[in-house]
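The chain contents come next:
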Amino acid sequence: MKRIYFDNNATTPIHPEVFDAMLPYLKDEFGNPSSIHWAGRNTRKVIDEAREKVARLLNCDVGEIIFTSCGSEGDNLAIKGLVESKRDKGNHIITTKVEHPAVLTTCKYLAKTGFDVTFLDVDNQGMLDLDQLKKAITPKTILITIMFANNETGVIFPIEEIGRIAKEHNITFHTDAVQGVGKVPIDVKKLNIDLLTLSGHKLYAPKGVGAIYVKRGVRLVPLIHGGHQERNRRGGTENTAGIVALGKACEIAHRDMEQEIKHLTALRDRLEKGLMGKIPHARLNGHPKNRIPNTANISFEFAEGESILLNLDMKGIAASSGSACTSGTLEPSHVLVAMGVSMEASHSSVRFSLGRGNTVEDVDYVLEVLPPIVEKMRSMSPLYSAATGGAANISFTESGSCSH
Amino acid sequence: MYSEKVMDHFSNPRNVGEIENPDGVGTVGNPACGDIMKLSIKIEGDVIKDVKFKTFGCGAAIATSSMVTELVKGKHLDEAEEISNNTVADALGGLPPVKMHCSNLAADALHAAIEDYKKKHTK
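Protein sequences, first through last, are from chains V and E. The working numbering numbers the first residue of the first sequence as 1 and each following residue consecutively. The working numbering numbers the first residue of the second sequence as 405 and each following residue consecutively.
Partial list, computed: chain V residues near chain E (C-beta under 8 Å):
hint: 1; residue: 304
hint: 2; residue: 306
hint: 3; residue: 307
hint: 4; residue: 323
hint: 5; residue: 324
hint: 6; residue: 343
hint: 7; residue: 347
hint: 8; residue: 382
Stretch-level coverage of chain E by chain V, calculated; a stretch enters the list once three of its residues show a Cβ under 8 Å from a Cβ in chain V:
hint: 9; stretch: 409-419
hint: 10; stretch: 428-440
hint: 11; stretch: 460-472
Read the hints as simulated data drawn from the structure, not as lab findings. Remember, it's a predicted structure, so these values are computed and weren't measured experimentally. Don't be surprised by glycine CBs; every beta carbon is placed ideally from N, CA and C.
Next up, chain E with everything else stripped away, as it sits in the complex (with noise of 0.2 Å):
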């Protein structure tokens, strides 16, 4: 049911973990729905550095997460703001269609964590 890419993304997902000192946190998901994702970023010059995730959730939630991760490290911030939650899906090359909607969370918290930067960089 899941592509070959999400289950690359799902068996070695890339960027795992969380940053030391954050320059942004974005947390999404729902322990009630049973997928949350918690990104950190490091932004030097408006440029995403680093970026890590950690992940309690589906195939689909992990393959997203991971791919998000990779989809925006070395990017300007407003680059990474337009990625949406169908570019990682199309990234992945597509999803389960009832996973569209439960598990498809990773660009959320990508721009939940770059708002995090903002509002700490604007103070």
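Okay, chain V solo, but in the shape it has when bound (with noise of 0.2 Å):
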């Protein structure tokens, strides 16, 4: 059977070049980056220069690189270690009520420890109301958490801007950057970013591995007190192979984004075309321009994710999708909900999110394989009227919240 892979915003595939990079780490060069005799004198190389490769990437310094060992605990990090050093300052938090949950958790649990936390809404495309990010800050505002890009709908915030507002009122700016590092250029100095995560797995190295970018100045409480490894603000001894191949991964993408953001958007594009052209009640959701490459998001309205992701994987097409089922709790994507989609369409939303390896095959085979699985749930469908082509009149015996 075909395997299409179609859910690299979850996660991606190593590059084979990240592999062979990182593999001398695992076998015969194992020492501690910390020791003087020759096994950690390599390791402590390796890893300066992967350090390197990350700074490049994002065009900041050597020094301003942390390495961490996910996304998850980069976000915690910086927003906590953040906080907690400027606690005398003030207790204010903004950020976003479609953040992923590294981020939301963090602020929500912030929240119950003395911090007030603001969370602004978003546009039926999701977007950012500028305004009201400047009517939401008070002399009390110590940090701004800004997703770089939404992991669901691909949609990219005005960095730059919410930056510049930052700046201007001399509050820390961080940016949850997982799904744009990689995928898009991004100089923090340009975007005036003061704290910015990166996560190794979505960008073609493996999991447990990520990094984060601190401006020079900007001090952080640490998560993790040991050593005096990170120079001192994240303690453990270094994942070098982990290390190694960010590095390499971020120096990959550095060297092939530009053909890489051509060939994404083409595949992207043609998918998101055909689809919604093959497809009657598709919609997009998310703004159809400001978007990284990758990611196209649609509810397809009467059949339910869930059900469709079983039948494109038993086609061999791996996906996603903000339906309750998939999110693991009753309720479905908080960031369609955010945006204002309707429970329903939510809950029949899918995620295709492209990745280097994709070809015009594979989109053509998701066309052709779509379309009559999508026909078959919506002919089981109660709220789907095959006779109208719309929506079915349904009256309900029994209904109420979800959490029955």
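Work from the hints to combine the two standalone chains into their complex.
Set out below in structure tokens:
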């Protein structure tokens, strides 16, 4: 059976060049980078080289990169570390309703421990209102944390302007750029970013490694106290193989970016246009233009997301959905709900996130396979009337909240 | 995450559709939750002669709908009323825990359909 992977926003496969680069550090090159002897010297050197590669991709200095274990750790370190260091200056944090759980849950936790948090709305295309951001700022605001690009819709926020607003008010600006780094150019200086989170396994490095950018002068209280690693900002013996892999992945992203943007945009647009053209009652979730090049989020009304995914999986196609069934909760995607997408349409959403390995043939296979799947699910749906090709009139003998 | 039996009923659902001039119809669920089931039944002499379903929902919602139609076809109403959501889940070889609450509504749809029949019948 064909295997087509359209879930690259969840995780990416390891790039073969990345795999080759990291392999020696899982075998012979085992030394602790803090050791002074022969075993440690080389691992120290390759970690320094990896740091340079990450810094080059973001246009920052090597001293401004801290390696972490994942995106969630990076977000926690940036947010908790910053607010704790600035606690005497204020207790107000501004974020959005559509952040990744690593930011959202961290902010909700902080709200329980004495911080005030403002969660900004988005419009029906997933975009922010910068006036709302400006109005939310108070003399006690110490941190603005707003994602670079949304993992579900791919919508890119106006980071440079947010950074400028933060700068004008002397507020630290953190961005969770896990879905942006490697996909689009990010220059932390130009974009006025103070703190940025990235994750290795979203850009063809393995799971278990990430990094944050910390602008010189921004102080963080460590999350992991320990040794002197990462300039005392993150204790723990370095994950040499993972760090080498991340460095290599950043080098490749830098090298191939222009070409990958073209490749992914063309494939994504072909997929999107094809599906919207072939399947009635399909609607795009998110701003049509202002997006990372690899993501398409479409609701196929009257067909439920998990059912579509299971059918796609049986045909070898891996994708994702914002339905409650796939979020592991009883509620559909918080991102789509914040955008004002109806509950029904949220449950009907499918996210396709493309990656470097995908081809035109992959896209065309999905275009061939998906329309009959949606048709089959609709023919079974009491919400859909085959006679009218639209919504069916249906009355319920029982309805209520989702927490039955 | 789903058993083979669930996937079998999901991929090849039994008794999909709507009965013309049904004796009873039950619709349960909530579009907001992502699961809606509509079950229609044909009754002859207190026996369920035919049963069909239409469902908008996840794999578990479709599989439980399909399974309940298999379980009740040809059964006396008294027997059908004994069937619970748990009976349906057991017949499918179990459901993932998170699905036991949100998508295991097929027996509720059946009971709603029987109730609808009884209401009409006593009039």
